[in-house]
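Keeping their order, the protein sequence lines are chains Y and L.
Positions in the first sequence are counted from 1; adding 15 to them yields the working numbering.
Here the working numbering is used: position 389 in the second sequence is 381, and no number is missing along the way.
Simulated from the structure, these hints should not be mistaken for laboratory data.
Among the hints, erroneous ones may be present.
Stated by the list, open to error - Just a few of them, taken from the derived set where beta-carbon distance is under 8 Å, the chain Y residues facing chain L:
1) LEU69
2) GLU71
3) SER73
4) GLY75
5) VAL84
6) LEU87
7) PHE102
8) ASP112
9) ARG130
10) LYS134
Don't be surprised by glycine CBs; every beta carbon is placed ideally from N, CA and C.
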Amino acid sequence: MLRMQNLKMIYRTHLVETHALRDFSLTVNAGEFVAVTGPSGSGKTTFLNIAGLLEEHSEGLYEIDGVDVRGLGDDARSRLRNQKIGFVFQSFNLIPDLDLYDNVDLPLRYRGFDRAERKRRIEQSLGRVGLGSRTKHYPSELSGGQQQRVAIARALAGDPKILLADEPTGNLDSVMARGVLELIEEINRQGTTVIMVTHDLEHARRAQRNVHVVDGQIVDLDATAPRVVARRDGHAASA
Amino acid sequence: MILYYIRIAMLGLRKQPVLSALMVLAIGVGVATAMTALTVMVRLGADPIPQRSDRLFAMAVDNWDAERPWGDRNGGPLAPDQISYKDAVALLAAGKAERQAVMYRVSLTAQPEREDLRPFQASVRATSPDFFPMFDVPFAFGGGWSAADDTARARTVVLSKAMNERLFGGENSVGQRIRLSDEYYTISGVLAEWRPRMKFYDVTNGALNEPEMAYMPLSVAFEKELLSDGNNNCYESPGEGWASYLASECVWMQGWVELPDADAAATYNAFLANYVAEQKAAGRAFSRPQLTRAVPLREWLDLRGVVPDDMRLFTILGFAFLLVCLLNAGTLLLAKFLRRSGEIGLRRAVGASKRALFAQYLTESAVVGLLGALAGLLLTLGGLAGLRMLTPDFAGIARLDVQMLLSCVAIAVATSMLAGIYPAWRASNVAPAVQLKTN
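This is chain L alone, in the form it adopts within the complex (with noise of 0.2 Å):
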């Protein structure tokens, strides 16, 4: 009977082109609204990093004064968002984690050998050597700096797969060197094609903007007194010169710590403690010492409000905007099915009971659907392009994947049927005796 229903139901839609039209098109704006701004807000929520998540821990280090803590936009107790010199340095040295890596990021200006290639501005991520493997990070040719290169201040570099593209046309540029800031740096490696949902280990420098397109040791950026080319918190003047800026409580770096279970992550949490405790002993503030903590990676993201809170209200209007539409869909259905009423009258007639119309209307209204869903789902990718045509951050998430696809026509047809439910009702109670005399 379905098949048969199916096709009473396109005889319908052809019969009735315009109203038809309508309803594919009031649910596929619908649609299309709600997924666009689903699809952003899942995509942001998505787990970055899934296969290592469970592992990665951010340093939460609440070095901040006591007199203006630092706090969420709600005055609620936040540790800050980044950590300071001095506790990434402390933290790192320890080496109570599995494995740990602190960073920031620099900006340096690349100097290609080639004669047909200008100098550009690179982004550079300086950190400590277990950052690739603690972040699962491919490598296409080569791989990181040892411990060692790091300690001896080596010029070395890891270079993006884009960077490799751009500088070496794709080839294992391995060994080879890059002038950055007129300084050589031989490159230990070069990475394969790595596009995290978002960069989740510095949320506050742009989670939605690319990883950076090179990788050096930390050291070597001390060194050089690089100063970060991200976001820097004080609560008071750090003072002149490089020493002071290290020495002050100033947070511009990021710290994190692989710790592989529950256990590792308590004894992590009882070394942070001592080390609260040394830090208020040694005179500074650590008012709120439990704020200062391994904060799980899902969690971390979650407190740093990396899906913004226009994004959930975007998703909320999309789906009040689905509900106007299918309720304007379940209108015209509801019309469309009425003026069939002598039809309804006479397949009662010939023995059609009431759940046998209820099911046919039904499957007309999950027919409108997958159309519907059809049409969302051209006017969603159309959606998301715009998207991130107005919206540079969001290029690398504004995009539709499998899941999202199949949520995208499951969304359509489940909504336009539960938008038919009511037309289907009604259609299937009118009454045959009147229809078929005034027919």
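Chain Y on its own, in the form it takes in the complex (with noise of 0.2 Å):
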């Protein structure tokens, strides 16, 4: 699903070249949910960036469902973004000024569908969060959790085949945190590949692979192989 081979990401100005990942080998099998984890300043969201279409790498390969992303232009990598990724971020990401329907049209209005076509995935992308009763509200009348809901909805709206979440729980008590958690697990078993950066070890042990980023480099040996994994609820998820 995601391949990434000898990535390099280097950071020029006309004084100093920073290097954020360095020769980042990483591939992502379909239906995995990967844990990317660091210190800050490692790495994780330059990668998660790249990953995401958002920053072009600087050297190395980079495939997405097949396709090598390097040379793609605007059009082709926003098309590309809009089918297959879906992003989750810390802060939500909604815009205030529109409701819940909207919000999560925003994709959708991009891949061209119709109206019809909208609205049935946008109630049935809400309704798989739990919030399908909600499309007229705005995102401030939602608590962090329940707005984190709606991102993910707007995520999967577009049926991506991957979706990319950084520090989806950061913004969130213990609690939401929890059912955010589990709402990804769910939308994993469903088929969707997950890839999320996290500072929280503990929601880390819960993905099926945890890759470990360090000086924009992947430093656990075992982190490219899938393994199994011990889950806190008990379940054990495999590769």
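Starting from the two chains in their separate frames, assemble the complex, guided by the hints.
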């Protein structure tokens, strides 16, 4: 589903070069749930931005669903992002002036679906996260956990193959965080590949695989291989 | 998508009403200033009689003193702006054109028979009979006078629509009489509404003034020794008395000919060249023979500077001000768009291309421009009304027609989109990753 080979990301100014990712190699299979951990500034978010086609890597190979993204123009990258990737962010990133319906509608607008198809998908997505009855509510009328659920509904509405979550529970209390995490696990069980960046090792342990990044490199040598993880809820996840 | 973009634009405007109002106002004021000036300029410069202008030629006769030649403001050679009695009468009598009319403006006292009306000063154009068909002057009742009437010095008169309404309540007054400066004149015709954009046939005496209230035969004006109520230029004293005035080189009349095509114009100019030669032989100056010619109407208006230089400057300044307003609006748009960087980042993340975002923000600029156009339109109407009040000469031209109205909207939308290009480009190039992390 996602393959990175000797990927490098270098930020250059006229004075310094910063190597955000060095020889970063990672393969994520379809249906996997991978947690990416590491200290602040280690390159986790850079990895996620490149994975989500929000930034272009400097060197190396990156394929998503078999498509080599190197050299793709903005239109093609945007189309790929729209069709294959869903994002969930730490701070939810909902548009406050739009109600839940319109917030979830965002990726569908750029996909070019007709009105009926968009409506069906929006209602289905919001229903899936338990907010089907609140389409006309605005983000400010919801709790943090509910807002993150809306963000997840938005990410899922386009039926992406990969869900990229950047600290999805970072702004939530433990109860809400657990609920959001369970929702992400549920989504993964239904077949969506999930890559989640997190600081929280407890949350990371719930993934099938934990990739630890330090100084722009994967330091856990086992990280590239699938493994069986014992979850806190007693379930076993396997690749 | 365009409807979606418009909806998002309206939401954006509602979200920041003060900023939005400032942008709309900036564009509106700029558009109004530019459009007020442009409207006056365009209407001043427009063809006042488009259906016949290619057939109408002014008689330019350079009878002026060789020592002190007539020139334009920059010293360029120019025939005098009017013609002398001698030349007017001679050229009229020659009858070499399909139609010809010579004329001048006089002022008479109208003395209404009705007791409820007080006497008033009436501007009257003394002219030859071709004036009416030549300039396509429309009649509501009756018609002009004949050449025979002119020769016979018939006391006949044509009234303007306004004059007829004032004296006869708009009824058909043909055949009735009016008293002008103690003499009775029989009404031969009453004009329908006739309000050319400018008094092109006499630009030396208030080109923007309304046409005269009445028209009378030239022969009668001469017989009554009526002096011109307009400009009169002499390079030497005309001497005492009416006869010596008529014999002088003073210029105070206007002359026009109708020439149907280029051949006719060439023939007429050849006639004028012969006329100049004759006059020189008779001892008159005519030191610059090339300036005596039939000048096409549009060229004549241009030569006479009917569009004042001040007006051109005002228009340039108006558009410069519009540019400043647009720069302001552009800056405000940029600030407004970049305040929504988080939203831009998010839209990029969910699949919006730079092109889609550019289109969205350009649409928002266009919506602002459209609202600016509406504001500008209202302010333009106000500006023109103010101009009409402050400068009565502009009463006839400081008006917005449909063409200018559409131009106003088009200019506002186009210019605000132009002002929105850079902000929209900046917005579409916001680095999404940074915004998503910091939002």
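Is the interface hint for LEU87 (chain Y) satisfied, with its Cβ closer than 8 Å to some Cβ of chain L?
Not OK, violated: LEU87 (chain Y) not within 8 Å of chain L, min 11 Å.
Status of the hint placing GLY75 (chain Y) at chain L (closest C-beta pair under 8 Å):
Because about 18 Å separates GLY75 (chain Y) from the closest Cβ in chain L, which is outside the 8 Å limit, the hint is violated.
Is the hint on ARG130 (chain Y) kept, meaning its closest Cβ partner in chain L is under 8 Å away?
With a minimum Cβ separation of about 11 Å from chain L (threshold 8 Å), the hint on ARG130 (chain Y) is violated.
Does the nearest C-beta of chain L fall within a distance shorter than 8 Å of the C-beta of GLU71 (chain Y)?
At 11 Å from the nearest chain L Cβ, GLU71 (chain Y) fails the 8 Å test, so the hint is violated.
Restraint: LYS134 (chain Y) near chain L, CB-CB cut 8 Å. Satisfied or not?
This interface hint is violated because 14 Å lies over the 8 Å limit.
Holds or violated: is the Cβ of SER73 (chain Y) closer than 8 Å to a Cβ in chain L?
With a closest approach of 14 Å, the SER73 (chain Y) hint is violated.
Double-check VAL84 (chain Y) for me: the hint is only fine if its C-beta lies closer than 8 Å to a C-beta in chain L.
Not OK, violated: VAL84 (chain Y) not within 8 Å of chain L, min 14 Å.
Interface hint check: PHE102 (chain Y), Cβ to nearest Cβ on chain L, cutoff 8 Å. Holds or violated?
Hint holds; PHE102 (chain Y) Cβ to chain L Cβ min 5 Å, cut 8 Å.
Under 8 Å is the threshold here; is the Cβ of ASP112 (chain Y) close enough to any Cβ of chain L for the hint to stand?
Cβ of ASP112 (chain Y) sits 5 Å from chain L, so the hint holds.
Hold the hint about LEU69 (chain Y) up to the distance rule: shortest CB distance to chain L must be less than 8 Å.
Since the shortest Cβ distance to chain L is 4 Å, the answer is holds.
Hint check: violations occur at hints 2, 3, 4, 5, 6, 9, 10; the rest are consistent with the structure.
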